Every structure is written in structure tokens, then in C-alpha cells.
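These protein sequence lines are chains A and B, in that order.
Anchor point for the first sequence: position 20 equals 20 in the numbering used here, and the numbering is continuous, going up by one each time.
Anchor point for the second sequence: position 15 equals 15 in the numbering used here, and the numbering is continuous, going up by one each time.
It is possible that part of the hints are untrue.
[Claimed, not checked] Derived contacts from chain B toward chain A, CB cut-off under 7 Å, selection only:
hint	residue
1	Ser30
2	Tyr52
3	Leu55
4	Gly82
5	Ala114
6	Ala115
7	Ala118
[Said to hold, decoys possible] Heads up, simulated DSSO-like pairs for lysine-lysine below, C-alpha to C-alpha not over 30 Å straight-line:
hint	chain 1	residue 1	chain 2	residue 2
8	B	Lys121	B	Lys17
9	B	Lys121	A	Lys66
10	B	Lys97	A	Lys14
[Said to hold, decoys possible] Listing some non-contacts, in silico: residues in chain B with all C-beta distances to chain A over 10 Å:
hint	residue
11	Leu7
12	Gln18
13	His22
14	Leu25
15	Arg27
16	Ser37
17	Val64
18	Ala75
19	Ala76
20	Ser79
21	Ser94
22	Lys97
23	Ala100
24	Leu101
25	Ile103
26	Ala111
Everything labelled a hint here was simulated from the structure, so no lab data went into it.
Quick caveat: nothing in here was measured; it's all calculated off a predicted structure.
Heads up, the beta-carbon is just placed ideally off N, CA and C, and yes, glycines get one too.
This is what each chain is made of:
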Amino acid sequence: MPERPLSPHLSVYKFKYTLATSILNRFAGLILSLGLILFVYWLVALAGGARSYAQARVVLSLGVCKLAYAALIAAFVYHLAAGVRHLIWDSGRGLERESARRSAWILTAVSIIVTIVLVYWLLRPGAFAQ
Amino acid sequence: MSLRGPLGQVLGRGSAKQGVHHWWLQRVTSVALVPLSIGFLVSLLALPALDYATLVAWMRQGGVALGLVLLVLVAARHSQLGVRVIIEDYVHASGVKALALVIVDFAHVLAAAAAVFAILKVALGGRL
Numbered sequence: 001m002p003e004r005p006l007s008p009h010l011s012v013y014k015f016k017y018t019l020a021t022s023i024l025n026r027f028a029g030l031i032l033s034l035g036l037i038l039f040v041y042w043l044v045a046l047a048g049g050a051r052s053y054a055q056a057r058v059v060l061s062l063g064v065c066k067l068a069y070a071a072l073i074a075a076f077v078y079h080l081a082a083g084v085r086h087l088i089w090d091s092g093r094g095l096e097r098e099s100a101r102r103s104a105w106i107l108t109a110v111s112i113i114v115t116i117v118l119v120y121w122l123l124r125p126g127a128f129a130q
Numbered sequence: 001m002s003l004r005g006p007l008g009q010v011l012g013r014g015s016a017k018q019g020v021h022h023w024w025l026q027r028v029t030s031v032a033l034v035p036l037s038i039g040f041l042v043s044l045l046a047l048p049a050l051d052y053a054t055l056v057a058w059m060r061q062g063g064v065a066l067g068l069v070l071l072v073l074v075a076a077r078h079s080q081l082g083v084r085v086i087i088e089d090y091v092h093a094s095g096v097k098a099l100a101l102v103i104v105d106f107a108h109v110l111a112a113a114a115a116v117f118a119i120l121k122v123a124l125g126g127r128l
């Protein structure tokens with residue numbers, strides 16, 4: 001059977017940070033897909049009435065869930081910014097090595113700053129007290 | 001070395017003519033998700049509290065319910081397209097791959113249907 005074209009294997013490339021931005025985007029998307037389960041659980045618990053939502057809130061307030069929210073926020077911000085970068089590429093712009101490297105740094109900086117601001121805002125004293 | 005020419009090697013195993021559709025739908029859903037997801041986050045996180053009464057009152061606003069239904073449907077489709085590619089790229093055993101793809105499809109349809117049902121149940125009434 002003749003060799004057929006395969007999707008890129010991570011291991012055959014020399015590591016570059018532009019490669020990291022690409023695989024991180026895929027990873028962030030996968031995290032968000034898992035977050036979808038948490039989101040649906042929250043909606044279904046709410047639809048189940050006051051008592052069912054009160055029970056779900058106990059689960060959703062666990063430390064491990066709060067960690068998950070932080071991870072989901074980071075994944076969301078990164079996936080959003082990297083997705084916009086992809087849409088710009090799809091328009092044929094920014095594909096040259098120099099601009100791809102520059103946008104990789106912009107993506108990294110924007111993601112870190114926005115994630116920190118959002119998490120800080122969520123953890124502000126008195127937030128969602130009830 | 002094969003004596004078959006390049007044309008003979010690809011004839012009969014060409015594209016299923018669905019790759020572009022997949023690629024395009026991934027882009028279209030991503031564009032739609034920019035306002036939908038940001039709008040959801042801003043609207044939710046602007047609430048004073050996340051208790052039952054506040055959330056039900058919030059979800060009974062027509063714009064919020066509509067936005068949530070759109071968000072869930074588009075996000076589920078976008079997620080299903082993305083997870084599909086990940087499986088296609090990294091799962092090579094064809095039986096496992098087919099099984100994983102079917103499970104992923106089922107899970108996404110189930111998640112979307114359950115979410116839409118829940119949103120409508122809250123938005124269209126029921127006991128407080």
C-alpha cells in the first residue's frame with residue numbers, strides 16, 4: 001500500500017515557540033470541550049429547581065472546581081486570541097516568519113494579561129457573595 | 001518501487017469532498033463564538049450574585065435565553081469539529097478511531113440537547 005499523506009507528527013519538528021502556540025491552541029480547545037460538560041451540568045442543575053441548584057452549588061464551589069474555572073478562563077482567553085490569529089492568517093495576512101513570530105509574542109502577552117485580570121476580578125473581595 | 005504513476009496512486013482514493021466544508025464550518029462557528037462567548041461572560045459576571053433567584057430572573061430575559069441557546073449550539077458544533085480532528089490526527093487504530101468519533105458525536109449532541117432543554121425550561125417558566 002502506497003504511503004498516504006499523514007497529519008504532522010509533533011516529534012518530527014524542531015521545537016520552536018510558534019509550534020508551541022499552535023499545539024497549545026489545540027490543547028486549550030480540548031480543555032474548553034471538557035468545560036462544556038461542566039457548563040451543561042450547571043444549566044441542568046439550574047433547570048432542576050432551587051434544591052437541585054443548591055446541591056450543585058456545593059459541588060461547583062469545591063476547590064477543585066475553582067481550579068477548573070481558572071484553567072477554563074485561561075484556556076478560553078488563549079483559544080479566543082489564538083483563534084483570531086488564525087482568522088487573520090486565513091485572510092492571507094501575517095503568514096511570513098517574522099510576523100508569525102511577532103504575533104506569537106502578542107498572543108502570549110495578551111493571553112497572560114487578560115487571564116490575570118479576569119481571574120483577579122473574579123476573586124475580588126465580595127464577588128458573588130451569595 | 002512502485003511502477004504505478006502518481007495519478008494511478010491517487011485515483012479512487014481522492015478526497016471525500018468534505019474537508020473544505022469541515023474547515024469552513026470551523027471558521028464560521030469560531031466567528032460566531034466571538035460575540036456569543038464574550039457576551040455570555042460579560043452578562044453572567046455582571047450579575048451581583050449567582051444564587052438561584054438571580055440566575056432564573058436573568059435567564060428569563062428573552063435576549064439572554066436566545067444568546068445562551070445560540071452559544072450552546074454553536075459551541076457544541078465547534079467543539080465537535082475540533083475534537084474530531086484531534087482524534088483523526090492522533091488515534092490511528094481504525095476501529096478505536098471510529099468508535100471514538102461516534103462517542104464524541106453522541107456526547108456533543110446529548111450535551112447540546114440537554115443544555116437547550118434546560119435553558120428553555122428555565123426561560124419559559126416552571127416553579128421558582
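Is Ala76 (chain B) truly not at the interface, in the sense that its beta carbon sits beyond 10 Å from all beta carbons of chain A?
violated, 7 Å
Grab the minimum C-beta distance from Leu55 (chain B) to chain A and call the hint holds if it beats 7 Å, violated otherwise.
holds, 6 Å
Decide if the proposed pair is consistent with the structure: Lys121 (chain B) and Lys66 (chain A), CA atoms, cutoff 30 Å inclusive.
holds, 27 Å
Would the least Cβ to Cβ distance between Ser79 (chain B) and chain A come out above 10 Å?
Non-interface label fails for Ser79 (chain B): nearest chain A Cβ at 4 Å, not farther than 10 Å.
Please work out if Lys97 (chain B) and Lys14 (chain A) have their alpha carbons no farther apart than 30 Å.
Holds. Lys97 (chain B) to Lys14 (chain A) sits at ~28 Å (cutoff 30 Å).
Does the claim that Ser94 (chain B) lies off the interface hold, with its Cβ farther than 10 Å from every Cβ of chain A?
With a cut-off of 10 Å, Ser94 (chain B) remains clear of chain A, as the shortest Cβ separation is near 13 Å.
Would you assess whether Gln18 (chain B), listed as outside the interface, keeps its beta-carbon beyond 10 Å of every beta-carbon in chain A?
holds, 16 Å
Could you let me know if the closest chain A CB is still more than 10 Å away from the CB of Leu101 (chain B)?
Leu101 (chain B) clear of chain A: closest Cβ-Cβ about 14 Å, beyond 10 Å.
A cut-off of 10 Å on Cβ-Cβ distance, and Lys97 (chain B) was said to be off the interface with chain A. Does that hold?
holds, 12 Å
Let me know if the C-beta of Ala115 (chain B) comes in closer than 7 Å to any C-beta of chain A, holds or violated.
holds, 5 Å
How about Ala118 (chain B): closest beta carbon in chain A under 7 Å, or not?
holds, 4 Å
Could you check that no beta carbon of chain A comes within 10 Å of the beta carbon of Ala100 (chain B)?
holds, 13 Å
In terms of the numbered hints stated before, the structure departs from hints 8, 15, 16, 18, 19, 20 and 26, listed from lowest to highest.
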